[in-house]
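Student: For the sequence shown, position 349 matches number 349 in full-length UniProt numbering, and the numbering has no gaps at all.
If you are wondering where the hints come from, they were derived from the structure by calculation, not from laboratory data. Think of the CB as a built atom: it goes at the ideal place given N, C-alpha and C, for glycine as much as any other residue. Be aware that a few hints might be false.
In silico DSS-like cross-links for lysine-lysine, where the CA-CA straight-line distance does not exceed 30 Å [said to hold, decoys possible]:
{"no.": "1", "residue 1": "353", "residue 2": "416"}
{"no.": "2", "residue 1": "222", "residue 2": "239"}
{"no.": "3", "residue 1": "222", "residue 2": "240"}
{"no.": "4", "residue 1": "161", "residue 2": "416"}
{"no.": "5", "residue 1": "240", "residue 2": "353"}
{"no.": "6", "residue 1": "530", "residue 2": "353"}
The following label-pair restraints were derived from C-beta to C-beta distances [claimed, not checked]:
{"no.": "7", "residue 1": "536", "residue 2": "94", "range": "51 to 61 Å"}
{"no.": "8", "residue 1": "577", "residue 2": "94", "range": "48 to 58 Å"}
{"no.": "9", "residue 1": "342", "residue 2": "246", "range": "42 to 52 Å"}
{"no.": "10", "residue 1": "186", "residue 2": "218", "range": "28 to 38 Å"}
{"no.": "11", "residue 1": "457", "residue 2": "70", "range": "49 to 59 Å"}
{"no.": "12", "residue 1": "77", "residue 2": "108", "range": "39 to 49 Å"}
{"no.": "13", "residue 1": "102", "residue 2": "216", "range": "52 to 62 Å"}
{"no.": "14", "residue 1": "512", "residue 2": "74", "range": "19 to 29 Å"}
{"no.": "15", "residue 1": "164", "residue 2": "94", "range": "50 to 60 Å"}
{"no.": "16", "residue 1": "426", "residue 2": "75", "range": "21 to 31 Å"}
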Amino acid sequence: MTSAATEAWKEIAEREVPVPASPAARGGAPAAERLPDPGEASPDALAMARELGLSITVADILHRSGRAPDEATRRFLDPRLSHLTSPDGMADREASAERIARAVRAGERIVVFGDYDCDGITATAVMTGALRALSGQVTPLLATRAEGSYGLSAPALERVKRAAPTLLITCDCGSSDHERLAAARAAGIDCVVIDHHLVPAEPLPAIAFLNPHRADCGFPYKGLASCGLALSLLAAVRKKLGSSLDLRPYLDLVAIGTVADVAPLTGDNRALVRAGLGVLQAGARPGLRALAALANLDLGRGASAEDIAFRIAPRLNAPGRLGDPDVALELLLEQDSVTASALAATVEQAQMKRRAIQDEMLTSALAEIERAGFERDPAIVIARQGFHPGVVGIVAGRITARYGKPTIVIALEGAKGRGSVRGPAGARLHDALSRCRAELEGFGGHQAAAGVEVRADRVEALRAAWCDTFREQELPAAAALAAAHARLDDRDDPAAVARDLERLEPCGEGNRPAYVLVAGAAVRSARNLKGHLKLELSFARRDIACFGFELGELAARLAGGRVDVVGRLRRDAWRGGDAVEIRIEHISGPH
1 MTSAATEAWK
11 EIAEREVPVP
21 ASPAARGGAP
31 AAERLPDPGE
41 ASPDALAMAR
51 ELGLSITVAD
61 ILHRSGRAPD
71 EATRRFLDPR
81 LSHLTSPDGM
91 ADREASAERI
101 ARAVRAGERI
111 VVFGDYDCDG
121 ITATAVMTGA
131 LRALSGQVTP
141 LLATRAEGSY
151 GLSAPALERV
161 KRAAPTLLIT
171 CDCGSSDHER
181 LAAARAAGID
191 CVVIDHHLVP
201 AEPLPAIAFL
211 NPHRADCGFP
221 YKGLASCGLA
231 LSLLAAVRKK
241 LGSSLDLRPY
251 LDLVAIGTVA
261 DVAPLTGDNR
271 ALVRAGLGVL
281 QAGARPGLRA
291 LAALANLDLG
301 RGASAEDIAF
311 RIAPRLNAPG
321 RLGDPDVALE
331 LLLEQDSVTA
341 SALAATVEQA
351 QMKRRAIQDE
361 MLTSALAEIE
371 RAGFERDPAI
381 VIARQGFHPG
391 VVGIVAGRIT
401 ARYGKPTIVI
411 ALEGAKGRGS
421 VRGPAGARLH
431 DALSRCRAEL
441 EGFGGHQAAA
451 GVEVRADRVE
461 ALRAAWCDTF
471 REQELPAAAA
481 LAAAHARLDD
491 RDDPAAVARD
501 LERLEPCGEG
511 NRPAYVLVAG
521 AAVRSARNLK
531 GHLKLELSFA
541 RRDIACFGFE
551 LGELAARLAG
561 GRVDVVGRLR
571 RDAWRGGDAV
581 EIRIEHISGP
591 H
């Protein structure tokens, strides 16, 4: 395996979007018993394969997920922008578009203010880039962690005022910023809020509030991230201005923000991300082209949602985690290739620094968990003085991946603390935090990821409440989440299966990757490749390569035997042709 390929696996192992790790994926020995076998494809699955022109294996996956060979499944396999839900029911979309169009026509000063995470940054870049293309007078600003609060904080509002706008557009924040929005209105600034965070009951003091979670919003699809909402609003603004501006070049940013924010990859998001990956592959945006090169990602070969989650988004998030997200925004907006390369290098330096801080914090947190026995609790809370507040989310994700438990990691600074919350698939984190609100100064986010503010003297009470909550909230078992969706059918060409599996992409939240079982395969070779396991299997008279991250110590034990492997089957880009590889999630044997 090339050094670039090894680096790619290292990136993926960071798992900024957490999933439960199997015992094998955590480095344990393979199980002696056979792995659960989903069984042969049913006659209905065989009929679906014929009708949809799919491999038996992938038709079986679709059939087991409850799909039929109907129009809905055809749209799932071939999502298009023409399938997007009509935006007519989106509350305040027309009012937002009218106010923004009026500001553009009149040459008003507009501030676009975004949150410092990847969704906020990409939404800000989409809104800023398009409004400038429409001749808008736009100043983009981003929240910073140093200002001590999420979203539109009091210090952030002062920065907005210094720009002297008559219109403020917030991206990925604002739903809970009643006091600051009221202050902006008192200062003569009209506010349009674009957000997708859960909505408090109190009315928002803004002239327009675009959020699909509003109780009075008739837009049926609730999964759009802020970058997707921004693009939808811009389509309405463009129409009001009578412009023919092509918004498709901004879909790469929408794809990045949607995946990075763990938004569901279903419905509209599926179409937006699929189209955005195509724009990303074209590599027209100089900043992303330069950043991808530093991440050893060849955009010309195509990028996946996984590439965004583990190789692009962590880099764009890194400057903001360390205090200054502006360089990431500048990178996305820059049109000069030389300048973009310099900005990408700065972003990469932040990424390397973030990794070093993260590794130190994770080592410290794991030691405390083992020392205190927190791994025996139903959920985990770690709080430390000196932890970097910008990295707690990644550390929480790594702890979740290791133990399969909902985790809060808190950076304490004196008597106050700010933390991030991550959990395994199926954990409803926002609901859980609502039950712990008595111990918190504040919280926000989604069911899949959230943030908290807490006093240092309430950490123990929070730990007790957090654990009590997950004694009552049943989570899916990690083994069930990593169970095979279907058996690799020995009548299929593995390369054809890999191509058909790509039609299930983009995979992520709400559309988890499909795992296949290769049962009773003979091990032709087993190697320890710098601590990783490299297998060559013989199955149905075909050779299949397998890779197990940090499982190299198993090589000697598996050589010459038969194994069951569950994992993700994909084309092997490094070998080319019809070569395929399985990324191991579970392995048992030798049998």
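Student: Take the hints in turn and mark each one as holding or not.
Tutor: Each hint tested on the structure:
1. 353 <-> 416: holds (25 Å)
2. 222 <-> 239: Distance ~23 Å between residue 222 and residue 239 Cα, so the pair holds.
3. 222 <-> 240: holds (25 Å)
4. 161 <-> 416: holds (28 Å)
5. 240 <-> 353: violated (45 Å)
6. 530 <-> 353: Given pair residue 530, residue 353 holds - Cα atoms ~24 Å apart, limit 30 Å.
7. 536 <-> 94: 51 to 61 Å: Check passed, 60 Å falls within 51 to 61 Å.
8. 577 <-> 94: 48 to 58 Å: holds (52 Å)
9. 342 <-> 246: 42 to 52 Å: Violated, at about 28 Å.
10. 186 <-> 218: 28 to 38 Å: Roughly 31 Å apart at Cβ, these two residues keep to the hinted range, so it holds.
11. 457 <-> 70: 49 to 59 Å: For residue 70 against residue 457, whose Cβ atoms are near 57 Å apart, the range 49 to 59 Å holds.
12. 77 <-> 108: 39 to 49 Å: Holds - the Cβ-Cβ distance for residue 77 and residue 108, about 45 Å, lies within 39 to 49 Å.
13. 102 <-> 216: 52 to 62 Å: Taking Cβ atoms as reference, residue 102 and residue 216 lie about 24 Å apart, which means the hint is violated.
14. 512 <-> 74: 19 to 29 Å: holds (21 Å)
15. 164 <-> 94: 50 to 60 Å: At 27 Å between Cβs, range violated.
16. 426 <-> 75: 21 to 31 Å: About 26 Å separates the Cβ atoms of residue 426 and residue 75, which means 21 to 31 Å holds.
This entry does not satisfy hints 5, 9, 13 and 15, going by the numbered hints stated previously.
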